[in-house]
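A.B. asks: These protein sequence lines are chains H and D, in that order.
Mapping of the first sequence onto our numbering: residues 1 to 309, in sequence order.
Mapping of the second sequence onto our numbering: residues 1 to 359, in sequence order.
Worth flagging that the hints you see were computed from the coordinates, not collected in a lab.
Virtual Cβ for every residue (Gly too), placed ideally from N, Cα, C.
There could be a bad hint or two in this list.
To be verified - Residues from chain H that keep clear of chain D, each with C-beta distances beyond 10 Å, as calculated:
#	residue
1	126
2	136
3	138
To be verified - Each pair of labels, with its calculated beta carbon distance range:
#	chain 1	residue 1	chain 2	residue 2	range
4	D	331	H	282	33 to 41 Å
5	H	266	D	77	24 to 32 Å
6	H	123	D	324	52 to 60 Å
7	H	60	D	324	52 to 60 Å
8	D	77	H	282	30 to 38 Å
9	H	153	D	62	57 to 65 Å
10	H	10	D	186	27 to 35 Å
11	D	251	H	153	36 to 44 Å
Said to hold, decoys possible - If we take Cβ atoms under 7 Å as the criterion, some of the chain D residues that face chain H in the derived model are:
#	residue
12	45
13	195
14	199
15	208
16	212
17	213
18	226
19	248
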Amino acid sequence: MTGGVLIPLLQTVVTSATPLLFAALGELVAERSGVLNLGVEGMMLAGAVFGFAVMTATGSDTLALLAAAAAGTTLALLFGVLALTLAASQVATGLALTIFGTGLSTLIGARYTGRTVPPLPRLDVPGLSELPVIGPLLFRYDAMVYLSVASAFAIGWFLRRTRGGMVLRAVGESDVSAHSIGHPVIRIRYLAVLFGGAMAGLGGAYLSLAYTPLWAEQMTAGRGWIALALVVFAAWRPGRALMGAYLFGGITVLQLYLQGSGLVAIPTQILAMVPYIATIVVLTVISSASARSRLSAPACLGKTFRVAT
Amino acid sequence: MAGLIERRTLLTGAAATGAAAAIGIGRARAAAPMKIGFVYVGPVGDLGWSYQHDVARKTLQEKYGDKIATQFVENVAEGPDAERVIRELAKVNAMVFATSFGFMNPTERVAKQFPKVKFEQATGYKTRPNMAEYNARFYEGRAVCGTMAGMLSKAGVAGYVASFPIPEVVMGINAFTLAARKVNPNFKTKVIWANTWFDPGRESDAAKSLIDQGADILAQHTDSPAVMQTAEARGVLAFGQSSDMRRFGPKAQVTSIVDNWAPYYILRTQQALDGTWKTDDVWWGIKEGMVELAPYGPAVTDKVRAAADEVKAGIVSGKIHPFTGPIKDQKGNLKLAAGAVMPDADLLKINWYVEGVQA
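So that you can see chain H by itself, here it is in the shape it has in the complex:
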C-alpha cells in the first residue's frame, strides 16, 4: 500500500513544484541584479495564455513554449522601460504588471475557455524508464521538468563561476560601484529582468500545457506570489530555490494525500496552512544560522538607479 502510493505521490510533487521553480529561478536572477519585479503572477498568466493559444493554433509544443517565454519577456520589457529606463518605482510597476497581465490574459483567453490541448509528451528514456521504482520516479516526466532542474544548476554555476554572473551580482550589490568601474548597470538589469520574464512565462505555460492542459482565467491562482516568497526563502540561491519549490510542492501535495488517507484526524484548515507554516519555520531557522550575513538580500534590491549626468 505505502509503496504503491509513494511513487505517484512523488510524481505529483514534481509536477506541482515545476511551475514554481521556473518562476522563482527567473525572479531570483532579476533580484540578484537588484531589481524587484512583483509582476511574476502577471507574466505567468501571459505565458500560460499565449502558450495555450499557440499550442491550439499550431499543435507544436516547441512553438507554444517559445511563445510563452516571449510573452513573459514582452511584459518584462514593459517593466524594464518603466522601472529601469524611466526610473519608476519598482514595487508600483511590478504590481501594475500583475494587474495588466491578469487583464490581458483574460482578454486573450476569452476565446480559449472550455478548450483543451494534448499535454506535453513524456520523455521516456528507453531502458531507464522501465526500471522499477527509479524509472517512474526519475525518468517519466516531460522535458520541462528536466529543463527546470537543469536551469537551477546552470544558474547556480553562472552566478558563481562566470564573469557575467559576477558582474550581475556586483550590479545587485552596489550599482554605483559597478557603474564607476564601467559596467552598464541598466543594460545588465534589463537582461536579468527579461530572463526573469521568460522563465515566468515558461512557468505559466507549464500550468496550461502540462499540469492541467486547459485555459481558465487566473489559473495561476497565486503561484506567482509563492514564487516571490520562494526567492526569499531560498536566500537568493538557485540550489535552495530548487529545494524550496520541491519542499513547498511536497507539503502541499502531502496534505492532500493525508486527507485522502483518512489516517489523520486534523482539521483540513490546519492541513491547508501547513505549507505556509513550514515556510515560516524554515525561514526562521535559516536566517538565524551563523551564516546569516551570507544569506542577506542583494544590497541594492529594489533601489532605483539613475546614471548621474
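Chain H is already provided as a structure; the job is to place chain D on it using the hints.
C.D. replies: Relative to chain H, chain D alone:
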C-alpha cells in the same frame, strides 16, 4: 482581485410580434423595454457558476425579444465593490438579479434605498418586500450521481474534491454517499478539501491523490474542469459540476449536474411584466428544471441508466427524498429515524457527515 469589470448591453431584436400575443396586449404596447440587470461573481467564461447564469440571461433575452433589455456586470468581488455595482444597476433597471451568496447584504442595503426596483438574490436567506431569494436543490442531482457511482465503481470508493466545509457542500457529499450506499452498502466516499473554489492545479493534485488512494470515480464541488481532465487522463470516471464538462472528459464523464436558472428567470420576468411580482423564497430542484443532468457518458450501461432515471423520476414525483431515514452519522449514531424526511431547515444547516463519508 483585479477588477476587470465589463458592461455589455445586449439587445436582441428577436420575434417580438410572436411573443407579444403571449404576454398580453396592454403590456405589449408599452414602448420602452423593461430593463433587467445581472451581477456575476465570476467571469462569464468560467464554464461554471457565472457561465450558467449568463446562459439563462441569454435565454431570457431571446424569449422576450425587445420587451426587455438585459445587461450584466461580471467579476464583481463579494465586497464593497458589489454594493456600488448593484446600486448603479438599480438606478437604471427595473429588476436586478444578484447571483451569489455574498451579494446578499449589499443587495439588502440597496433594496432599502430603491423600493420600486425588484431585487432577486441567489442562494441567500434575506427577503424584503422588494427582494426575493432563490436557490437550487443541487443535492437532488447529487443523489442521482451517487446512485450511478454506487453501480459503476468497482472499488466501491469514490473520491470527492470539495471546496469549503459549508452546509451546501456537506449536503452534496451526504446526498451522494447516501444514494451510493443504497446500491452498495459498503460504499465509501473519500473527501479532500482543496480549500479553494478555483485553482485548477490544486484541484488536479487532489484528484490525483484520490485516484492513487483507490478511488475509481470522482465527484467535485469546485469550479474548474481540472478534476474531469485528470480523471480522463488517468482512465477513471467522473461527475462534472455546474455545467456539462464532456469536452474535458469525453470518456470519463458519467454525467454532470447542470444549473439551469432559465425557468426561474422567465417566470419572474413574466410576473414583473404582468405586475404580479411578489417577494418569495424558492428552493427549486429537478422537478422545476432548475437542476438538470447532462447527457450520460459512454460508461453508462442500460442498467445504470434505468436506475438513474428511476431515482430522477422518483424525486420529481416526490416518492423519493434523498434525505430519508434511517440516516446514521460517521460514528454510526442514528440521526434520522427510519421513514422520516429531513426538514429543509435542518438540511440548510447540516454540518455532519453520513456513514460512509471519510472526511
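A.B. asks: Report holds or violated for the interface hint on residue 45 of chain D, using the least CB-CB distance to chain H and a cut-off of 7 Å.
C.D. replies: holds, 4 Å
A.B. asks: Classify the hint on residue 208 of chain D as holds or violated, based on whether any CB of chain H lies nearer than 7 Å to its CB.
C.D. replies: This hint holds: residue 208 of chain D lies near chain H, its Cβ roughly 5 Å from the closest one there, short of 7 Å.
A.B. asks: Any Cβ of chain D at or closer than 10 Å to residue 138 of chain H, or is the non-interface label fine?
C.D. replies: Correct as stated: the minimum Cβ-Cβ distance to chain D is 18 Å, above 10 Å.
A.B. asks: Indicate whether the distance between the beta carbons of residue 266 of chain H and residue 77 of chain D respects the range 24 to 32 Å.
C.D. replies: holds, 31 Å
A.B. asks: Classify the hint on residue 248 of chain D as holds or violated, based on whether any CB of chain H lies nearer than 7 Å to its CB.
C.D. replies: Since the shortest Cβ distance to chain H is 6 Å, the answer is holds.
A.B. asks: Would you say the C-beta atoms of residue 251 of chain D and residue 153 of chain H sit inside 36 to 44 Å of each other?
C.D. replies: holds, 40 Å
A.B. asks: For the hint 27 to 35 Å, verify it against the beta carbon of residue 10 of chain H and that of residue 186 of chain D.
C.D. replies: holds, 31 Å
A.B. asks: Does residue 195 of chain D hold up as a contact with chain H if the rule is Cβ-Cβ below 7 Å?
C.D. replies: holds, 4 Å
A.B. asks: Go ahead and decide if the range 30 to 38 Å is satisfied by the Cβ distance of residue 77 of chain D to residue 282 of chain H.
C.D. replies: holds, 33 Å
A.B. asks: Taking 7 Å as the limit, does the beta-carbon of residue 199 of chain D come near enough to a beta-carbon in chain H?
C.D. replies: holds, 4 Å
A.B. asks: Using Cβ atoms and 10 Å as the threshold, tell me whether residue 126 of chain H really stays out of contact range of chain D.
C.D. replies: Fine: 23 Å to the nearest Cβ keeps residue 126 of chain H off the interface.
A.B. asks: Quick check on the hint: residue 226 of chain D CB to chain H CB, less than 7 Å?
C.D. replies: Holds: closest Cβ of chain H sits about 4 Å from residue 226 of chain D, inside 7 Å.
No hint from the list above goes unmet by this structure.
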